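Residue numbers (this note's numbering), protein chains in the order written: chain E, 1159 to 1282; chain R, 60 to 585.
Honestly, the hints are just simulated from the structure, not real lab data. Small disclaimer: the values here were computed from a predicted structure and weren't measured. Wrong hints could be hidden among the right ones.
Unchecked claim - Below, a list of computed lysine to aspartate or glutamate pairs in the EDC-like style, where the Cα atoms sit at most 20 Å apart:
| hint | chain 1 | residue 1 | chain 2 | residue 2 |
| --- | --- | --- | --- | --- |
| 1 | R | Lys389 | E | Asp1267 |
| 2 | R | Lys555 | R | Glu531 |
| 3 | E | Lys1214 | R | Glu372 |
Unchecked claim - If you want the footprint, here are the derived chain R segments under chain E, 3+ residues with CB under 8 Å:
| hint | region |
| --- | --- |
| 4 | 365-377 |
| 5 | 381-387 |
Unchecked claim - Here's a subset of chain R near chain E, in silico, CB distances under 8 Å, partners left out:
| hint | residue |
| --- | --- |
| 6 | Ala408 |
| 7 | Ser412 |
| 8 | Leu419 |
Each residue gets a CB set at the ideal place from its N, CA and C atoms; glycine is no exception.
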Amino acid sequence: MTKGKVLVIDDEDIVRTSCSRALTPEGYEVKMARNGFDGLRMIEEEEFDLVLTDLKMPDMDGIEVLGKIKEEWPGIEVIIITGYQTVDTAVKAIKLGAFDYIEKPFTPDALVSAVRNAFEQKKR
Amino acid sequence: MLVKKSLHSLTGKLIITIGTLMIAGSLIFWYFLFRYQENALIEGSVKYGYSFVEYVRKSTRYGMLAYQKLIIQQTIEAIGSEEGVLNIRIFNRQGRITYSSNKKDIGTILDKTSPVCTGCHTEDEHPKDTKTWSIKKEKDYRVLNIVQPIYNEPACYTSTCHFHPKDQKVLGLVEANLSLALLDKSIKQQGIAMIIYVLVFLFVISVVLCTILWKFVSTPVSLLAQGMERVAAGDLDYQVTINTRDEMGDLAKAFNAMTLDLKKAKDELVEWGHTLEKKVMEKTEAMQKAQAQLIHSEKLASLGRMAAGVAHEINSPLTGIVTFGHLLRKKFPEGSEDREDIDVIIDQANRCSNIIKGLLGFARASAAEKTLINVNDALSSSLNIVRNKADFFNIKLIINFDESLPPVKADPSQLQQVFLNMIMNAADAFDGKGTITITSRTIEDEGKEFVEIEFSDTGSGIREEDIEKLFEPFFTTKPVGKGTGLGLAVSHGIIKEHGGSIFVKSKLGEGSSFFIRLPVYREYKS
Ligand SMILES: Nc1ncnc2c1ncn2[C@@H]1O[C@H](COP(=O)(O)OP(=O)(O)OP(=O)(O)O)[C@@H](O)[C@H]1O
Ligand SMILES: [Mg+2]
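The shape of chain R in the complex, shown without the other chains:
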């Protein structure tokens, strides 16, 4: 994973801020530590300086008491030759150098303003008469200057040798200049070491800080940023994997929850769009179907009207054929061939008559006289007509009427005609034996109430390719003279005229079911 880094990033800013604070803090800290240590070292040096001067004083004490000048001079020279000792000088009260590790100095009188004197004698002030120290800078090292007064003591003024009066408090000074080169060197070394420590410390801290920031801030932040980019680009399945228990983890959780919500919302939208599309498609399809059906039934209706017109015209010539046929028939003796021929003419004319009766059904469909009726009653009267027919002796009739059927507005004789046709068709569908089940019920379809009548038979069934032709006029599979193919066409016309529908379900060899739906009449429609 590639994570961009720059000084403008959060990590960069944090590192710069914390780094600056660390550098400043540690510089101040180390500076004071350094100063403290230096002071401590100098204090040590001063202590050492004091004891050194005390040592010089004690070493020369005997020489002083005995007034052995040579011994004093030699002792001082010996001590002065020690390493780190620059010089040792002894002054008398008047400021004259009486002894010195540097012989050339002996006899020189120091001015009252020389640093040795000003250590005690400041103007207007009573001399302090105590030991003092100071540090001055030489070319490349510092020099510790110690001055200690030599006090008068009984041994001095009781000594026989010379002249110190008893009332004198300070007899002279011992001054020593000690080199601090060693000290400076060690301080310098310590400084360097400290700088190295500081640098190492800063480096380590920076590395640790960077790592921590990288791990806990920078990486999660850029992961989140990346996630947002992905989500913005439309990848709503993307989930940020930050499992820490800190604010970053919370942020990632919140982010993931948000993405999930977004996804859900988007899915819902898409789903909604899909269902809308589907619904539109379904509705369009239904509308197209309805339109096709409308066109189809309109076609059937106009075909019917035309057929009815033709039929009516044909009725009169048929009357002539039938009448004159019968008249002619009477002129031939019973059983004669001519008479039989004329019988054929009459039979065929009757067949034409039947066809015409069927065709005239179309005209009837549009001249319906509708009243409120119970469909069960119309069914019963249709059944009464067929029940006693010889064809129905081997047919089992099962009746399932819904006794609480709501009324429909319909022409009863037309409904009877339809029902009769259904029953006759069912009876024709088997060779003698079979079962016809007639059921009436109330159903609801698309919020509308219908009375549904089902005619089921255990007959031959209907071939798939025939089903769509069933309702066309003159479609029949029955032998010539037996069926006209108008029954279903007329039934269809009648049911349509009543605002209902008729459809069929069939399985070849198992039987068929015809369904008729008529809208329920409701006086107070809300």
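If we strip away everything but chain E, and leave its shape as in the complex, we get:
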């Protein structure tokens, strides 16, 4: 049994695999999407506990993804992945309902603890 299902939405392959490689050994089931549309479609198809989404993506950005998720699936927690440049936006995102944000480049430990916190929050 997995600890939970995590969807990673990022336009960059290396970030997606990094998340996957950091979280899978910890017992999470990780799925990946290369953009917001794909991600939302996947959420419609199967259930997820947590979504990690990049803030700056072409076509649909992280804030939009966050808005859609919070609108239709309020139970799914969202963690924003951000570059330093967009910290201010990340803060805004938390106000919009994101659980946390994590700055690139992050260490696997930092990511894991952020995800763990999110699940603990969910349990309560």
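Put chain R with the ligands on the given structure of chain E with help from the hints.
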């Protein structure tokens, strides 16, 4: 000094006028004096003539009474031979010459119209029976003619000798012609002397007049004219030296005052021109500087934007390096050489990450969220961050806040970032021990109000040649891994974005002072 002279000059005219008046005046004066003297001389001669005739009459009286004709004739001849006596004649009542110094005349009867007779007997008129005189002109001298009647007297008609009746009043005439040659000569001499006097007088007067006019009119006038020429030619330092207390002196004083005023006015103009020029130059320089600065900060900004773009792209691959580094690291036992190698990879990736964070500061600078803040508050929160750091245990912090600081419109977190960078730089400038003084104050520059924050340290100071490079990205003197050289570049970008300025004063070995100026926010700007 050369002074031009001509008849058209003032002096010339004055001399001609006064000279003419003098000549005319003295001619009239001398003429009347001359005439008066001549008259006086003639009067004297006439008096002498009368006494002479009286003398003749008296000398012949005895001869007459005694009727001694010969004696009378001889006496008259003797007297008549005197120098200056032309002739002496005695007439009887009928006009016959009875005696004469010239024997040939005796017996001649004179016509009633002869001058001797007309002296008394004018037509229709009763004879005057008095002595008369007249002057007539001979060839080259004048002749004084005296006629005196011989009156009847008791001795005459009582005398036994002859025939004069008692009722006759005038018995005859004595006439004498006296030469006035001597008198004429002396008058002529006097005239010549007088002319000489007049000429000498005129000459002396002219010389004196010329000298006076020259000294008091002509010279000052031409000095003034010369002064005016000099002044007109632009020599405004020229002063006319006429120290007399007359109108010329006043004129010269007025002229000098005018020249001084002119000079003052001109100097003011020139000065004004100079300051204008200087001001224009200063303004041009300031403008060029501002432009250069604008270009410089524009360069920095676009460099920053590019760096930010690059940084953002690099963030993702770095995430990969860091994550996979950590994953790999876990596969090696603690303390193994491979694990240490991987640690190096991770450290270097973190270093890249730091550089990128710095670069991303540029992007932040342009995305400021400005609110009204008190700079002191931003300073305080920056200080709170560093205060508890171990690096600051040996550093003395002196805080001089102006408590009545007006607000500025700024992004507080960006200001904190700038202030933090300033404090960290100062702390890095000394080996452990030192003093950092932070001052806030209000200043006025070119009519605008600013909040100025000064960060002074007692650190190493900055080398002259480094000062202009300080604000360029990646300029650092710190060892690799310690400084990125982005702190000041980003600070500069942020402060510029806030409409402020940042500059530095430093002395190598003594310390540095960084000044940040932010414009004061005034809601109601007049
Ligand atoms: N207070 C100071 N005293 C002496 N030198 C200074 C001071 N502040 C800055 N400097 C010089 O200016 C250089 C550039 O400073 P800047 O803050 O831009 O970069 P850094 O401090 O070297 O690196 P970073 O701030 O990115 O960690 C420094 O390396 C240092 O040589
Ligand atoms: Mg620095």
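Comparing the hints with the structure gives:
no.: 1; hint: R:Lys389 / E:Asp1267; verdict: holds (12 Å)
no.: 2; hint: R:Lys555 / R:Glu531; verdict: holds (14 Å)
no.: 3; hint: E:Lys1214 / R:Glu372; verdict: holds (11 Å)
no.: 4; hint: 365-377; verdict: holds (count 7)
no.: 5; hint: 381-387; verdict: holds (count 5)
no.: 6; hint: Ala408; verdict: holds (7 Å)
no.: 7; hint: Ser412; verdict: holds (5 Å)
no.: 8; hint: Leu419; verdict: holds (4 Å)
Checked against the numbered hints listed earlier, the structure breaks none of them; every hint is satisfied.
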